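A.B. asks: Residue strings, one per chain:
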Amino acid sequence: MAQYMLLLYANEVEGEELAEREADLPIWTELTKSLEEAGLLVASGRLHRTTSATTVSAMSGETELTDGPFAITKEALAGYYLIEADNLDEALNVARRVPLIRYGHVEVRPLMDLDLE
Amino acid sequence: MSDPTADAVARAFRDERAAVLATLIRHVGDFQLAEDAVQDAYAAALTTWPRDGVPANPGAWLTVAARRRAIDRLRRDRSVADRAERLAELVRLDQQEHPVVTPESAIVDDRLRLIFTCCHPALDMAARVALTLRALGGLTTGEIARAFLVAEPTMGKRIVRAKRKIADARIPYEVPRDEELPDRVRGVLRVVYLIFNEGYSATEGDRLVREELCNEAIRLGLLLRELMPDHGEVWGLLALMLLHDSRRAARVDKRGRYLAIEEQDRSLWDETRIREGLRALERSVRLRQPGQYQLQAAITALQIEPSPDWPQIADLYGALAKLTPTAVVELNRAVAVGFADGPQAGLALLTPLLDDPALARYQPLHAAHAELLGRAGDRDGAARAYEKAIELSGNAVERAELERRLQAL
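First to last, the sequence lines map onto chains A and B.
Per the numbering used here, residue 1 is the first one in the first sequence, and the count goes up by one each step.
Per the numbering used here, residue 118 is the first one in the second sequence, and the count goes up by one each step.
What the hints contain is simulated information worked out from the structure, not anything from laboratory work.
Keep in mind that a hint or two might mislead.
[What the hints assert, rightly or not] Derived, one-sided and incomplete: chain B residues facing chain A with beta-carbon distance under 10 Å:
1. Pro238
2. Asp241
3. Ala244
4. Arg245
5. Glu260
6. Arg278
7. Ala284
8. Asp285
9. Ala286
10. Asp295
11. Leu298
12. Pro299
13. Val302
14. Ala438
[Stated by the list, open to error] Going by beta-carbon spacing under 8 Å, a handful of chain A positions derived as facing chain B:
15. Glu84
16. Asn87
17. Pro99
[Claimed, not checked] Here are some chain A residues the structure puts well away from chain B; computed CB gaps all over 12 Å:
18. Asp24
19. Glu36
20. Ala43
21. Leu47
22. Ser52
23. Met59
24. Gly61
25. Leu92
26. Gly104
27. Met112
Quantities reported herein were computed from a predicted structural model and do not represent experimental measurements.
For glycine and all other residues, C-beta sits at the position ideal for the given N, C-alpha and C.
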């Protein structure tokens with residue numbers, strides 16, 4: 001069997017609109033559980049909003065951090081690592097080791113603590 | 118008009134807030150919650166102290182009050198993750214027999230943690246500056262907004278966003294490890310110097326607010342000196358800020374024109390600040406860790422002498438150019454060499470800069486070029502360079518001065 005990555009995109013909302021979306025939670029939970037039970041789920045997660053992102057790049061030769069998500073669209077998503085880290089510094093230290101930063105960008109985004117029960 | 122109790126609260130706010138906040142953040146693990154609780158504690162001080170008198174140790178009083186407010190807030194707020202754990206820890210601290218005595222070394226560490234968190238490189242520079250002023254300085258959001266000429270809600274959003282990122286992305290609340298420390302200290306110094314420069318160099322905005330920024334930056338510099346006395350550049354930056362600040366009153370003439378050091382009225386210089394600055398520079402030099410701030414401070418110290426030692430200033434600019442090879446440093450070096458070894462030697466260094474596209478519209482380059490050409494006897498060249506500088510000048514007073522020099526050729 002092959003593996004596929006499903007990338008989920010949406011505009012970011014707050015307040016009432018966010019509450020409306022949160023009302024879908026049972027549908028999300030049901031989807032995740034059914035994939036799990038069928039043995040089809042590798043990993044899934046919900047990201048914190050883009051304001052929590054840090055982008056790492058070394059295209060100029062030195063590693064540079066940028067506050068915020070990666071924004072240039074001509075580069076394409078090429079892969080991912082889902083890692084465990086105690087804090088942002090440790091996650092950034094992993095990002096610095098990714099060879100792609102010499103010609104691209106690594107966006108480091110924290111996942112939310114999800115309690116699906 | 119002066120109310121002694123209100124003064125005591127204001128003084129406690131200025132002197133103790135950062136330390137109280139820094140320790141509480143470690144205890145509750147949440148920037149926003151800690152800040153709200155400290156705010157509550159100050160509000161409580163404003164009502165309690167006039168009635169019961171100012172406590173013997175205001176810092177300890179505020180620490181206990183802020184912790185209790187944090188407990189109240191945590192009990193009310195059910196949305197906080199690991200709330201029970203945090204509550205238990207706070208209650209345990211609150212019930213200790215001598216709850217008010219935080220060891221001095223812990224206070225130092227907490228304030229360092231706070232500084233490194235506020236100046237974390239994963240935060241936007243504008244957010245680092247705002248957060249540092251808010252958490253470690255005594256400025257309100259409104260004051261910071263006025264100092265940086267943005268609307269108060271904009272500044273408020275910037276600060277809230279930064280605090281949210283600290284929480285969501287888990288920016289660590291700790292002093293960086295030894296191998297990361299030099300780099301991170303440089304980052305902190307950059308934030309403090311940026312605050313100072315914003316107050317010192319900007320020409321727009323409320324003058325009083327801007328002076329407040331210089332004072333805050335120097336206060337931060339003094340705090341860093343207290344917390345990290347072994348870092349040469351910490352002393353170097355402090356020296357640089359004090360030496361610049363000593364000339365604050367003499368920098369502008371009655372018409373608002375900026376005066377070069379040699380044009381300033383020396384009787385307006387603050388001698389005490391100069392002495393403090395020179396002492397800090399000495400300490401920095403003795404630590405034998407040369408850096409850009411120490412070099413700039415040394416240059417300034419030489420420039421304020423009645424007859425500056427231009428060859429030495431030129432050498433120091435040469436060393437600075439090796440550390441921070443920017444066009445502006447190169448320009449200053451060319452000017453210094455022009456005084457040390459004559460206008461031709463200065464021109465030899467300055468001429469290549471004229472081809473730098475980044476400097477094509479940089480007025481000081483053309484003004485310095487004109488000055489050197491004039492002294493070298495090339496009147497036509499000097500006139501052309503002055504005309505270029507005048508064309509690029511955005512300031513009426515400055516333009517008038519350049520025109521005066523053009524006429525004087």
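A.B. asks: Hints first: check each against the structure and report whether it holds.
C.D. replies: Going through the hints against the structure:
{"no.": "1", "hint": "Pro238", "verdict": "holds, 5 Å"}
{"no.": "2", "hint": "Asp241", "verdict": "holds, 4 Å"}
{"no.": "3", "hint": "Ala244", "verdict": "holds, 7 Å"}
{"no.": "4", "hint": "Arg245", "verdict": "holds, 9 Å"}
{"no.": "5", "hint": "Glu260", "verdict": "violated, 23 Å"}
{"no.": "6", "hint": "Arg278", "verdict": "holds, 5 Å"}
{"no.": "7", "hint": "Ala284", "verdict": "holds, 9 Å"}
{"no.": "8", "hint": "Asp285", "verdict": "holds, 4 Å"}
{"no.": "9", "hint": "Ala286", "verdict": "holds, 5 Å"}
{"no.": "10", "hint": "Asp295", "verdict": "violated, 14 Å"}
{"no.": "11", "hint": "Leu298", "verdict": "violated, 12 Å"}
{"no.": "12", "hint": "Pro299", "verdict": "violated, 15 Å"}
{"no.": "13", "hint": "Val302", "verdict": "violated, 15 Å"}
{"no.": "14", "hint": "Ala438", "verdict": "violated, 19 Å"}
{"no.": "15", "hint": "Glu84", "verdict": "violated, 12 Å"}
{"no.": "16", "hint": "Asn87", "verdict": "holds, 4 Å"}
{"no.": "17", "hint": "Pro99", "verdict": "violated, 21 Å"}
{"no.": "18", "hint": "Asp24", "verdict": "holds, 19 Å"}
{"no.": "19", "hint": "Glu36", "verdict": "holds, 23 Å"}
{"no.": "20", "hint": "Ala43", "verdict": "holds, 19 Å"}
{"no.": "21", "hint": "Leu47", "verdict": "violated, 10 Å"}
{"no.": "22", "hint": "Ser52", "verdict": "violated, 4 Å"}
{"no.": "23", "hint": "Met59", "verdict": "holds, 17 Å"}
{"no.": "24", "hint": "Gly61", "verdict": "holds, 14 Å"}
{"no.": "25", "hint": "Leu92", "verdict": "violated, 7 Å"}
{"no.": "26", "hint": "Gly104", "verdict": "holds, 19 Å"}
{"no.": "27", "hint": "Met112", "verdict": "violated, 8 Å"}
Checked against the numbered hints given earlier, the structure breaks hints 5, 10, 11, 12, 13, 14, 15, 17, 21, 22, 25, 27 and satisfies all the rest.
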